[in-house]
Amino acid sequence: MAESIEEDDSAYIIKDGDYVVLKRGDIYKAVQIQIKKKVMFEKQWLFLEKAVGQLYSTSFEVVSGGHLEPQKAKTTESSTDAQEAGSDNRNIVDDGKSQKLTRDDIETLKEQGLKGQEIIQQLIDNSSTFRDKTEFSQQKYIKKKKKKYESTITVLRPSCRILAMMYHGREPGKICHLRYDTLAQMLTLGNIHAGGKVLVFETCAGLVLGAVMERMGGYGKVVQMYPGDGPVQAGLESFGFPPHFHDTLHTFPIGHVNALLAGTLDTGPPKELAAESSDASVPSKEGEEAGRTNADTGGDGGGEGEGKPEEVKMETPTPAEVEQNEREKLKAIRLQEKQDRMEAKRKKLAVAAALLEGKNADGLIIASRFHPSPVLLGLIKFLAPSRPFVVYSQYKEPLIECYTKLKENSNKEHCAVINLQLTDSWLRHYQVLPNRTHPVLQMSGGGGYLLSGTTVDMQYAKAASSQQAVEQPPAKKLKLTSSEG
Amino acid sequence: MSFVEYSETVQEGDVAIVYLGHESMMAVKVQKNGQTQTRYGAIRHSSDLIGKRYGSKVTCSKGGWVLVLHPTPELWTVNLPHRTQILYTTDIATITMMLELKPGAVVCESGTGSGSLSHAILRTIAPTGHLHTVEFHKQRALEVEQEFREHRVAHLVSVRNQDVCLDGFGVAGVADAVFLDIPNPWEAVGHAHSAMKRHGGRLCSFSPCIEQVQRTCEALAARGFHDLSTLEVLLRVHDVRTVGLPLPDFGPDRTPDPAQTPAPPPAPHASLSIKTTTPPRSMAGHTGYLTFKSPFDLRCFTLEE
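For the protein sequence lines, the chains are A and B, in the order given.
Per UniProt numbering: the first sequence = residues 1 to 485.
Per UniProt numbering: the second sequence = residues 1 to 305.
Do not take every clue at face value.
[To be verified] In silico DMTMM-like links for lysine to aspartate or glutamate, alpha-carbon gap of 25 Å or less:
1) A/Lys143 - B/Glu218
2) A/Lys338 - A/Asp247
3) A/Lys29 - B/Glu100
4) A/Lys359 - A/Asp457
5) A/Lys143 - B/Asp227
6) B/Lys62 - A/Asp457
7) A/Lys396 - B/Glu232
8) B/Lys275 - A/Glu401
9) A/Lys133 - B/Glu218
10) A/Lys140 - B/Glu211
11) A/Lys407 - B/Asp239
12) A/Lys43 - A/Asp104
13) A/Lys145 - B/Glu218
14) B/Lys29 - B/Glu8
[As the list claims (entries may be wrong)] Just a sample of chain A residues kept apart from chain B, beta carbon distances all over 10 Å, derived:
15) Ile35
16) Lys36
17) Lys37
18) Trp45
19) Asp88
20) Asn91
21) Ile92
22) Asp105
23) Thr108
24) Phe136
25) Gln139
26) Gly173
27) Ile254
28) Thr264
29) Lys329
30) Leu355
[As the list claims (entries may be wrong)] One-sided and incomplete, this derived list gives chain B residues near chain A with beta-carbon spacing under 7 Å:
31) Thr96
32) Thr124
33) Pro127
34) Glu232
35) Arg236
Keep in mind the hints are simulated off the structure, nothing from the lab.
Positions of the beta carbon are idealized from the N, C-alpha and C atoms, including for glycine.
The shape of chain A in the complex, shown without the other chains (with noise of 0.2 Å):
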């Protein structure tokens, strides 16, 4: 017993690379720990490479410098608790005057190199007005100093709740102002759990996406449905997962979903791929086998491709200039990389549309810019039957009518849903103390709005007496693949 916790110790220990966020009071930034390199963290220039072999969650003090050191065993807050108090404010004046030191005087102070609790220890020892406080007013006064001149940095191992606050706290703007409960919905009206296949549509900087997937844990498949040239993921890396939860991971541009829906996709061996060699008559190799294998497959860019070529290396050889052959070499070594890439692109497209194929999806999670009711109608149709859906929206309005489209979409009994729900939460937060628990006083005025629903499929009792309609999606399934081949 006592082994298998010793082995356990590692993975809570931080390590030169982890992706941590760093937690100053309620304010977080997620940051990647490596050695020498210094991080901006609250107007304050920070060097972590002293937090790599403390564990997680443990609270650093900033000394000078910069440089963290682990903090000592909590200090007892008792070094005002026999002081004096008095028992109202009618007696205290808000002059200006009550603080002797100055501005400077502070400054100096802390050049001094005093610490925190000593400079605080200093304002309290120089306000003329500290004993008269309430006691419960001199808890207030000490708590407000601290956070002020202690800095006391907490290293986090990142997750879900831990970004979500951040990006809620510091940019909303870059996640839609999705607040993190919301998003805590979301995963649970989603049903996201291990397994399954899961689509999402964000533009939430990936933070929504990082979400499903730690909730996946890396198994199962989640589908970025993504607008546009390529997948935003930039918050993705903030949640440090181990590779092969990557590999769990598959991206579609939604400029593709409708002609994966006619089955006019094509995800063969590349046209445009041959085109394009053509274009920069390369007399590679590599450049006529993609030609040949476009005109094996009957592309309309193929005959090109392969005369050319073959015209370009006839004359190569007189001149026979070195530097040139050094740079058509490049330029062959380039156009390879180049194909490369393009060959992995079309392979993961096909993996993806494959996914997509069956329409088979177990949940689709929607948190976007855009207007969600054409991204919800147009993605639907790929989740199985008696699935749940959730789309997000920072306004209610476009919600209400896409519930409306919804719903005539159901009479029609063509991606039918049930038990629509349009919704938002509501968050409060509390102050817990003796005698002086309440409410916050700030609160969040709004978290955004969220559409619910599951899918179901209506097609059966009215076909019910036609075999017929009950054997038409396999038939249509058939075609799809057909026109792929």
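Following the hints, put chain B in place on chain A, whose structure we already have.
Only chain B this time, still in chain A's reference frame:
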């Protein structure tokens, strides 16, 4: 069918959710030759359910139809037999995220109650995690254990019939997260602590009353656990409606010009129809306060040991 894995078709022994209509569902144990009565007539399990694809229509004996749905913890929460007050999906979602639950996590929970949260925990920690759940009511413990078997999640859970305040969770140093939903959580703080992994884990206590929160926080602070966070989360439902708003008629807007043809009088009952949402007449305005302890302070552990 399992609560932690989807399957395509209904099989004998499954627990399926039958959807009868808006906000009307029921859980059905699918048995060979079994029958379930609904307001649309009987569903014969062998002929109507077994082999059907989840999410499809099922015709009842009176000619009406219902839908058969794959069970999920969320559907179970709204269809389970209540043996106690239960936690609902909004709180469950928040607890799941704030406790950082994910596949492989080891969780301790007390009390089990009707198993609403337990099913959601199991879904999230499968296939490699484990739930240790403690329920002091013998009958409830037995019933929930039976449900776990029927839902094919029994391999992921240990149910213990004991009092967590006296006997703890029956495990030590294993939990990534501990959840307390008991009348006097402050009495279980020590046991929660010893169930945690040595390098810490997260704690959540759910209490409906603020006095309970107060005492729990004091007990946690006494053990040296600072940095507590207490919050409350509510779900607001927006019902989508089309409403007509009548437009007022202020009469003609200027003295009639005899040279011009008089403007046509506005329609007597002009109104504008808009799509909007309305709040329900009443809603759950309070469930409970959730108190979380962020990653356990390691220094507290050294003080304890």
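* Asked: Among all the numbered hints in the text so far, which are the ones the structure does not match?
  -> Violated hints: none at all, because every hint is consistent with the structure.
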